[in-house]
Amino acid sequence: MLEEELIDLITPCLQNPGSSEVEEKKKRIIEIGKELYADGGVDALENFFFAIENRIKEEIGKDPKPFRSLWNGIDDNWKY
82 MLEEELIDLI TPCLQNPGSS EVEEKKKRII EIGKELYADG GVDALENFFF AIENRIKEEI
142 GKDPKPFRSL WNGIDDNWKY
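For our numbering, add 81 to where a residue sits in the sequence shown, where the first one is 1.
If you're looking for bench data, these hints aren't it; they were derived computationally from the structure. C-beta: ideal position from N, C-alpha, C; glycine also. Honestly, I wouldn't trust all of these hints.
Said to hold, decoys possible - Label-pair restraints from in silico Cβ distances:
(1) 82 with 105: 16 to 22 angstroms
(2) 124 with 96: 27 to 33 angstroms
(3) 142 with 119: 28 to 34 angstroms
(4) 124 with 85: 17 to 23 angstroms
Claimed, not checked - With a cut-off of at most 30 angstroms between alpha-carbon atoms, the simulated DSS-like pairs for lysine-lysine come out as follows:
(5) 160 with 107
(6) 143 with 115
(7) 143 with 108
Turn these sequences into a full structure, and let the hints guide you.
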């Protein structure tokens, strides 16, 4: 479920970066990162981001890597 939600949050941010909804979506992406970390640590963050990165690249041809930095500060080992 969280994977789908991340896809649904990041995809429109990449497609329409000037949208007024981007900041709200980023806040939810941060919350999801915290939830993932609480359940599985940095490994969970890595695994989820890897999965969504591949899927978004395939579906819309854009790279979501800049969104990894939204999870900076959750753990000292996550530095993007």
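### Task
Provide an ascending list of the numbers of those earlier hints which the structure does not satisfy.
none
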